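Chains as they are written, first to last, in numbering that gives the first Met the number 0: chain V, 0 to 636; chain B, 0 to 190; chain E, 0 to 337.
Keep in mind the hints are simulated off the structure, nothing from the lab.
What you are looking at is a predicted structure, and each value in this text was computed from that prediction instead of being measured.
Every residue, glycine too, gets a C-beta built ideally from N, C-alpha and C.
Worth double-checking, as some hints may not be accurate.
To be clear about the criterion: a stretch of chain V counts as covered by chain B if any three or more of its residues have a C-beta under 8 Å from a C-beta of chain B, and this derived list gives those stretches [to be verified]: (1) 112-126; (2) 447-458.
Here are the simulated distance ranges between beta carbons [stated by the list, open to error]: (3) E:Leu-300 / B:Ala-3: 43 to 53 Å; (4) V:Ala-485 / B:Ala-22: 26 to 36 Å; (5) E:Pro-331 / V:Tyr-218: 33 to 43 Å; (6) V:Ala-152 / E:Trp-229: 29 to 39 Å; (7) B:Glu-109 / V:Glu-346: 30 to 40 Å; (8) V:Gly-77 / B:Glu-109: 36 to 46 Å.
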Amino acid sequence: MNAIVNFTNKLLNNRFGNNKSLNNKLTDIFKFNGGVHPPEHKVESTTLPITRLAIPEKLTLPLRQHVGNLPKVKVQVGDYVLKGQILAEAEGTVSAAIHAPTSGTIAAIAEQTIPHPSGLPDMCITLLPDGKDTWTGLKPIDWRNTPKKDLVASLRASGIVGLGGATFPTQVKLRADGKSGVHTLVINAAECEPYISCDDMLMRERAGEIVKGIAIAQYLLGAETCIIGIEDNKPEAASSMANACIDHAGMLVKVVPTLYPSGDARRLVHLLLGTEIPSDKRSTDVGLQVFNVATVLALYRYFEFGEPSINRIVTMTGSVKTPQNFEVLFGTPLQSLIAAAGGIKPEVSHFIMGGPMMGFDLPNAGFPNVDIPITKAANCIIAAAPRQFAAPPPAMPCIRCARCADACPVSLQPQELYWFAKSDNFEKVRDYNLFDCIECGCCTYVCPSNIPLVQYYRYAKSEIIAIDRAKEAANMARERNDFRIARVEREKLERAQKHAERAQAGKAEINNDVNAEAPTDKQAVIAAAIARAKAQKLAASGMTGTSTEKTIMPATPATVMANQTETLNNETAKPDKQALIAAALERAKAQKLAAAQAGIAPKNTENVSAFVQAEINKIDAIREKAQQATATSKTSS
Amino acid sequence: MFTALYIMLGLALLLGVLLGVSALLLKVEGDPLVARIDAILPQTQCGQCGYPGCKPYATAIANGDADINQCPPGGDAGAHALADLMGVEYKPLNAEHGLPKPKSVAFIDETTCIGCTLCIQACPVDAILGAAKHMHTIIASECTGCELCLAPCPVDCISMLAVAETPDNWKWKYPVFPIKVVPLHSPTSAT
Amino acid sequence: MNRSPYITDAPTISTIMLKVLLALVPGIIAYVWIYGGGILVSLSLATVTALAAEAALLKIRQRPIQPFLMDMSAVVTAWLLALALPPLAPWWIVIVGTFFAIVIAKQLYGGLGYNPFNPAMVGYAVLLISFPLIMTKWPAPLLLAQHPLSFMEQLHFISSSVLPAEVKLDAITSATPLDYLKTQLTLKHEVASITQAPIFGTFAAKGGEVVTGAYLLGGLYLLQQRIISWHLPVAFLAALAFIACSFYLIDPAHFANPLFHLMSGASMLCAFFIITDPVSGPTTPHGKLYFAAGVAVLTYLIRVYGGYPDGVAFAVLLMNMCVPLIDALTQPRVFGHK
């Protein structure tokens, strides 16, 4: 195996023979700080080849299977869909589509438990397969003769996300302009977590397709070189990959020492190239891009055959009869996977999704019949027995031994982070670069005091994120409040101005021709309207609430105008007016009293239509009945 | 003998000019203290503090008219932050101004709403949409949960709904690892 | 419960502490050989006192007693203090020192993991200041003493401070080489002539250097077991050698050679067992280097210019005070940061 790798190395070295520094870069390994080497447990699941799982009776497809916005559902309950048909469309920049993994009927679009550390339910599309597995019309893409921009755009409909576990939508990583400035593509095949072997088996069995996928990714990115990083505990995968890319100049398999977490993208890039991606930048900023092997394989299937992302390889391992890797349709219930692996052993207590270092407990409701679907992120399911994954002994105080700092692949000071996270000192914990933490778990792995360090970091991170969100919301609220205050102020000003203008105009008129008999028509009309309204109010207040006959004084513009000019001219008009209002109020009070004594509630029932009148009568009848009923009940009691 | 005097005088003049110039050059616009206090306040604009909004409360704190513990939505953390900023002793929240509640948003029962626009006028952040005699609705993402729209509503169609926990806003909990696991209910005593 | 990682591979605190105790065993054997079995009495007394004090304080502080007694950190403190005391110190000295170390320096600060100062050194410093006469009165090695005491006689002396009738106190005690050197230098003697005295051996104290060598052996075991990091002992010994060498080269007549300093007093105990206490020490690799070098320089300065013959305890405590500062100033570069 090594001979082949060396041979490939030599080939490459000859190609870049004149470039000494690059030569060194391609052969040397650049170690990162710390790391741990837990027992691998990969052999158990690599004895059998990948098996395709039969179509289950039900597929549950959570909308949340990737990082970013939830996709928009494009189907309805009862719709018949074909295999590969789009069920939900990518929404916004960072989002991924979801496709029907097989043909069948949409049975439900509702909240169901999803594989998420929270154990909370979320929107899922339930598909009942018809067993025919009929493909929708697949359109292979002639990627060599299509503009790159269109290729990347079409990826939005592919549903492909990073299958290493990060589930970041792939189209976002393949810059839309086709001018990425990426010179080197790094293929992450390290698969450093214990137990997981899906990438290993994929490389052993489908190296050819993977290499074709790499070629496509290289073409899209314009990357000349590609380095495939594989840990040295997967010699078969490394040799089959080296064989497959022997004809591809610029493609190189580089075997790295087995050391967790060398599969972390930034760590792997450093390991392979010696490049430290700055913490505040992305890999593309330094001319690199990292893809998982399974992701490039999905790229190949999409471009070559038009197949969207509808399945993945899942390692079913731990305490099952026959641990193995399966090709599983997304949405497949966990039970089908367990059954295919021969069932669980009696000692199993729960299931872990992901590896033992970074995975999480699947919701355990209904154990052992846990109803959880396989999603795009599910690289491995471990049937966990307490014997292998014992609950940690009670945590002791931190003794500041700094073993965690020695193990930290990011060169953080976990003991300080722990101290500040524990005491909710979020500012300080951020200062100590909490957000550079990759939650790999190396610190907890080596802690003599059994402190759940990663838990504290996750807690602090989500608290800080929540605080930041709240702050953002507060800023927005402040802005909106300021805007509102300004608006109210402006409106008030405008109104005052209008009033002032009107008053000015009125005054000017009056001053100009006090004895004018015929003011301009418009003003007369307005004044007349005001007067009418006043008169109506007066009249209404002078009448009983139930009266239907109206004795409104017919007010012609001329008379009103005359009245008004009179009052304006007369200095004593003001007290008169106040007296009028007071009188009106008194009258209203008296009326209310009278009405209350008479047992009549005031109603606004003038000029109602017959229908409404009927309604009112009906309601009045009911009310009366109710009153009588209460009265009788009162008297009876 | 006068040399010393001249030197002192010269120095005083020089330093005075320096101070004056720096005061002009390094002038800070507005009242930074009010802005800094306002930045800590949660901007719910709920008025529970007794002031008509967060900014007036911030101004009152800056002027020494109000205490730092009158903001229930800001919670204990807010009181701590204000105490830190003002350099005063932390005080627990004054219960007179209400108690912190879980974050919630207003919800209009659209079958009951009569479209009176009173809530729209009450909303401090313009988070209610609608027009006269048309049903109103609340922009949940803009709602600060101040509850100011509850009182004006003549038909009581607005209710406060606590923000539900979803996988999106879910938070990892503070790790609590019991030293000894004690079953809460033993099956025998359950009956 | 989500608690990844689900697997761990770490020695427990008890394991770490037990290995430290094991590493002290060669030193203790050498001690018994050179100074007699009296030290075993001190060790037992200190151990019992430490455990009792720890248990009582945990009880008062309402903490679980069993896990904190089983962590063995109290025993390590007790042993280090006992080994730092003069071998025939009266019983109450041992008890007072241990009590102070556990109760005041450790539990009142919050127990394991929270003490800013090295508990054993706090106990030692308190005793040194309070009872300077007893604390500087070292017995002569058995092979030098005019009347080597038997184990029973030592036991009797420790418990009642009464010597056998025919033996005078002077007959069993002698100045330590560090002490002797200091007093002789003030009397205008030169180093070369002073070291001709019978209490001087090949490198340092006759007999004492054997114990020091045994500590070195234990320290190497700890390094091999990765219980302690190399930074602390290497930096301490290198800095001590460097400063001693500098002074020695400038004026060999008035300053002892570096080997003498390395093999004298508590140098080796300090290098491998005292400054390696993780709780009161720094955590960053660079910080460890600065801390250890600081202890070495202070130790040397106190030995040469200070009022006490050995300066380890005060040097360690002074540097303990600087630990937060050292840690804050020596943060390593985080991956991807400048």
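Given a hint of 36 to 46 Å, does the C-beta separation of Gly-77 of chain V and Glu-109 of chain B actually sit inside it?
With Cβ atoms ~27 Å apart, the hint is violated.
Go ahead and decide if the range 29 to 39 Å is satisfied by the Cβ distance of Ala-152 of chain V to Trp-229 of chain E.
violated (57 Å)
So the hint says 43 to 53 Å: do the beta-carbon atoms of Leu-300 of chain E and Ala-3 of chain B match that?
Holds - the Cβ-Cβ distance for Leu-300 of chain E and Ala-3 of chain B, about 44 Å, lies within 43 to 53 Å.
If I claimed the Cβ atoms of Pro-331 of chain E and Tyr-218 of chain V lie 33 to 43 Å apart, would that claim hold in this structure?
With Cβ atoms ~41 Å apart, the hint holds.
Holds or violated: the region 112-126 of chain V covered by chain B, criterion of 3 or more residues with Cβ-Cβ distance under 8 Å?
Answer holds; 6 residues pass the 8 Å Cβ test.
Take the C-beta atom of Glu-109 of chain B and the C-beta atom of Glu-346 of chain V, compute their distance, and say whether it sits inside 30 to 40 Å.
violated (54 Å)
Satisfaction of the hinted span 26 to 36 Å by the C-beta atoms belonging to Ala-485 of chain V and Ala-22 of chain B:
This hint holds: roughly 31 Å between Cβ atoms.
Within the assertion that chain B covers the region 447-458 of chain V, do at least three residues meet a Cβ-to-Cβ distance smaller than 8 Å?
Answer holds; 5 residues pass the 8 Å Cβ test.
Violated hints, in rising order: 6, 7 and 8; the structure is consistent with all others.
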